[in-house]
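Chemist: Protein chains in written order, with the numbering used here: chain A, 1 to 430; chain B, 431 to 731.
Rather than coming from a laboratory, the hints here were simulated on the basis of the structure.
Glycine included, C-beta positions come from ideal geometry on N, C-alpha and C.
Some hints could be false.
What the simulated footprint calls covered on chain A by chain B, stretch by stretch (three residues with Cβ under 8 Å from a Cβ of chain B suffice, anywhere in the stretch; the number is not a length) [as the list claims (entries may be wrong)]:
no., stretch
1, 134-142
2, 350-359
Only pairs whose alpha carbons sit at most 20 Å apart, straight line, appear in this in silico SDA-like list of lysine to any residue [to be verified]:
no., chain 1, residue 1, chain 2, residue 2
3, B, Lys722, A, Lys212
4, B, Lys638, B, Arg718
5, A, Lys169, B, Arg718
6, A, Lys212, A, Trp406
7, B, Lys722, A, Thr103
8, A, Lys144, B, Ser493
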Amino acid sequence: MSDIVIAAENLSKSYLVAHQSAKREQYAVLRDVIAREARVLARNALDFVRGRQIVQGDQVEEFWALRDVSFEIKRGEIVGIIGRNGAGKSTLLKILSRITDPTAGRVTLRGRVASLLEVGTGFHPELTGRENIYLNGAILGMSKAEIRSRFDDIVRFAEVDRFLDTPVKRYSSGMYVRLAFSIAAHLEPEILIVDEVLAVGDGDFQKKCLGKMEEVASESGRTVLFVSHNMAAINSLTTRGILLEQGRVVSCDCTERVVELYMRSMGQRDGHLGRKWGAGTHTRICEVRVVDFNELPVTYYIPGAPLRVQVTFETDGTRGMSLEVFLADARRNRIGLASTFQFHGTTLPEVKGRYQITLNLSPVWLAAGSYSLDVATSVVNLEWDHCVECATSMDVKFSNPLRRSWNFQQSDGFGSIALTCETPPEFMAV
Amino acid sequence: MSVVPAELVKSIPAPNNASGVPVEPSDNTYELVIEPGRAERHYWRDLWRYRELFQVLAWRDISVRYKQTVIGAAWALIRPFLTMVVFTVIFGKLAGLPSEGTAPYALMVFTGMLPWSFFATALADASNSMINNANLISKVYFPRLIVPIAAVMVAFVDFLISFVILIGLMAWYHFMPGWQIVFLPVLAAIAFIASFGIGAWITAFNVKYRDFRYIIPFLVQLGLYVSPVGFSSSIIPGEWRLLYSINPMVGVIDGFRFCLLGGESQPYWPGLWLSLAVAGFFLWLGIRQFRKMERVFADLI
Numbered sequence: 001m002s003d004i005v006i007a008a009e010n011l012s013k014s015y016l017v018a019h020q021s022a023k024r025e026q027y028a029v030l031r032d033v034i035a036r037e038a039r040v041l042a043r044n045a046l047d048f049v050r051g052r053q054i055v056q057g058d059q060v061e062e063f064w065a066l067r068d069v070s071f072e073i074k075r076g077e078i079v080g081i082i083g084r085n086g087a088g089k090s091t092l093l094k095i096l097s098r099i100t101d102p103t104a105g106r107v108t109l110r111g112r113v114a115s116l117l118e119v120g121t122g123f124h125p126e127l128t129g130r131e132n133i134y135l136n137g138a139i140l141g142m143s144k145a146e147i148r149s150r151f152d153d154i155v156r157f158a159e160v161d162r163f164l165d166t167p168v169k170r171y172s173s174g175m176y177v178r179l180a181f182s183i184a185a186h187l188e189p190e191i192l193i194v195d196e197v198l199a200v201g202d203g204d205f206q207k208k209c210l211g212k213m214e215e216v217a218s219e220s221g222r223t224v225l226f227v228s229h230n231m232a233a234i235n236s237l238t239t240r241g242i243l244l245e246q247g248r249v250v251s252c253d254c255t256e257r258v259v260e261l262y263m264r265s266m267g268q269r270d271g272h273l274g275r276k277w278g279a280g281t282h283t284r285i286c287e288v289r290v291v292d293f294n295e296l297p298v299t300y301y302i303p304g305a306p307l308r309v310q311v312t313f314e315t316d317g318t319r320g321m322s323l324e325v326f327l328a329d330a331r332r333n334r335i336g337l338a339s340t341f342q343f344h345g346t347t348l349p350e351v352k353g354r355y356q357i358t359l360n361l362s363p364v365w366l367a368a369g370s371y372s373l374d375v376a377t378s379v380v381n382l383e384w385d386h387c388v389e390c391a392t393s394m395d396v397k398f399s400n401p402l403r404r405s406w407n408f409q410q411s412d413g414f415g416s417i418a419l420t421c422e423t424p425p426e427f428m429a430v
Numbered sequence: 431m432s433v434v435p436a437e438l439v440k441s442i443p444a445p446n447n448a449s450g451v452p453v454e455p456s457d458n459t460y461e462l463v464i465e466p467g468r469a470e471r472h473y474w475r476d477l478w479r480y481r482e483l484f485q486v487l488a489w490r491d492i493s494v495r496y497k498q499t500v501i502g503a504a505w506a507l508i509r510p511f512l513t514m515v516v517f518t519v520i521f522g523k524l525a526g527l528p529s530e531g532t533a534p535y536a537l538m539v540f541t542g543m544l545p546w547s548f549f550a551t552a553l554a555d556a557s558n559s560m561i562n563n564a565n566l567i568s569k570v571y572f573p574r575l576i577v578p579i580a581a582v583m584v585a586f587v588d589f590l591i592s593f594v595i596l597i598g599l600m601a602w603y604h605f606m607p608g609w610q611i612v613f614l615p616v617l618a619a620i621a622f623i624a625s626f627g628i629g630a631w632i633t634a635f636n637v638k639y640r641d642f643r644y645i646i647p648f649l650v651q652l653g654l655y656v657s658p659v660g661f662s663s664s665i666i667p668g669e670w671r672l673l674y675s676i677n678p679m680v681g682v683i684d685g686f687r688f689c690l691l692g693g694e695s696q697p698y699w700p701g702l703w704l705s706l707a708v709a710g711f712f713l714w715l716g717i718r719q720f721r722k723m724e725r726v727f728a729d730l731i
């Protein structure tokens, strides 16, 4: 049997979109309005007789949500699908999960498909948590016996034991989402399609969800298709990426390269991720990225590895300037400082021009959570020049210093840096 | 402190495990091909496979139906009962229409009322079922036919509850049904087929053309007076009776009266066959139309 579980060939999907023609505004004469409405009515009636779709407006246009999309996905792969809004991601998932039919092309699927297009789909507010587990499980394609056998796991994961017999309409939104994801996470199809589940819930729960998805994919060799705008999640979860743009496949490659391409295309369109950083008197910070060993930008940091921050800046050649990078935790408390001059005695180049520096910072055991980096230039010991707050951010998905503790998280409230011993702790009787 | 048991703690994942992971052999290594306009080969098998979803959806609608009401399922009794009282007074007492044989007028009205209110509820619920479940249809795949069938099923439960009133009425009038009652399940099945067929047909259209949302309540209201609910179909002139039986509920209601009121009412056979044929035709048409349009529901809803 072939190892390819999803094969798409020249997949296309078109929709009819209608506009109001510009003429509508121009002739506000009753006779014209009546004449036009009559025409629309006649057209609608004709459409009805022919069995076609009724569209509002008087100009109809064909819109291709997907155009000649081809790709292959192997068993056990976790594939991220990325692209801007309207690039066709959701349409693609809808076709794969058989919700809608393609206009042309074909897909071959080997194995059961379950889609998680939005958590909580099919929850009924009047029913209790217990009843909704059965309802939602059945909707997602589980049999009653399967649900029964996983019932306890589902409840434990969702942490709603006390409210099992309360109608879900009285649940807090957090409980609602937890329960919904928990049901979906305990599905066991061969192909799992996940769309933007992680857009909801608090940070901790998102982390938990990511962990669960990873577990599902890595332990059982299932194939996961994952759509998200959260590049950190895409980066840390997926092995391969498909970049869609205006309904076409732009790139289908390893995740890092696809994400890089996507970020670059976003950058081209929006400037620096939609922000204007301005400039200082002598210098201008142009770009700040967290990069891995291959100089590819990443949005995550693996604790215990060197933290590499790449800064691109311009200077007018003023002497005695320094570059500082501040590390701030999720609450924006600054917890770390890196400085070229204060710690290393290095000043910025004294020749006007554009430069790049990669600070190779020593490993830190950061707690799981999100961090942001502020970058600033200064005239040493005198004044700040160009300060960029939140120049970039990164996520620590999992922190397990020396691989023996629990997942050390910022939100635990024990700080954000694990202080580990250089030598194993030993007790001596005195 | 949120200390997670050691076995749940995952170390930092190895970057790639795309291949070489053992996969348990699964029983369904079937291939599924998605293509435009491809007829579903396993449609009926799929429908059968999703029977649990059907049960769950029907159960959901039943259990939600009377939540947060004071008298609960008693609503299923009160509505047909009050309609029966009104019809008995207006048609039986004021208009002085004849009953069937010696059966009390109220009983005759109620035997017509039973299948009719089932048909009306089923039709109204089924035709709106797709739109009411729009969030499901645009998010998850399952054979869509489940939705209207579940809606009809829910109406069927109400129908069974209403039998309580019938038994009460019969006890009140000391009326014993004859041996013909054995045909009752057959007639219930015909009523089911008629309401499901028409329901599926209208459901399919309702998704695309919402006009039907306004047509259905009107049709149902009109049908109450056109069908022989408040009166006996024997008052229809003989030469019109066959034409009258094009309404599939005419045959069903006549059949119900035959079963429950016994030999007092004679079945009008050509009419019954015609009603059955019309119901069957609508079943075929409804399923055909539904399956044709099913694939685009998610785009239209």
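Chemist: All hints, please: hold or fail.
Modeler: Do the hints match the structure? See the list:
Coverage of a stretch by a chain is defined here by at least three residues with a beta carbon nearer than 8 Å to that chain's beta carbons; for the stretch 134-142 of chain A and chain B the count is 6, and the condition holds. By the rule of at least three residues with a Cβ nearer than 8 Å to a Cβ of chain B, the coverage given for the stretch 350-359 of chain A is violated, with 0 such residues. Taking the CA atoms of Lys722 (chain B) and Lys212 (chain A), the gap is near 39 Å; set against the 20 Å cutoff, the hint is violated. Our distance criterion of 20 Å between C-alpha atoms is met by Lys638 (chain B) and Arg718 (chain B), whose separation comes to about 16 Å.
Taking the CA atoms of Lys169 (chain A) and Arg718 (chain B), the gap is about 38 Å. The hint is violated against a cut of 20 Å. Straight-line distance between C-alpha atoms of Lys212 (chain A) and Trp406 (chain A) comes to about 16 Å, which keeps the hinted pair within the 20 Å bound. Proximity of Lys722 (chain B) to Thr103 (chain A) is assessed by CA-CA distance (about 15 Å); at most 20 Å being required, the pair is judged to hold. Of the pairs offered as hints, the one joining Lys144 (chain A) and Ser493 (chain B) holds, with about 18 Å between alpha carbons and a cut-off of 20 Å not exceeded.
When the structure is compared with the earlier hints, violations turn up for hints 2, 3, 5 and for no others.
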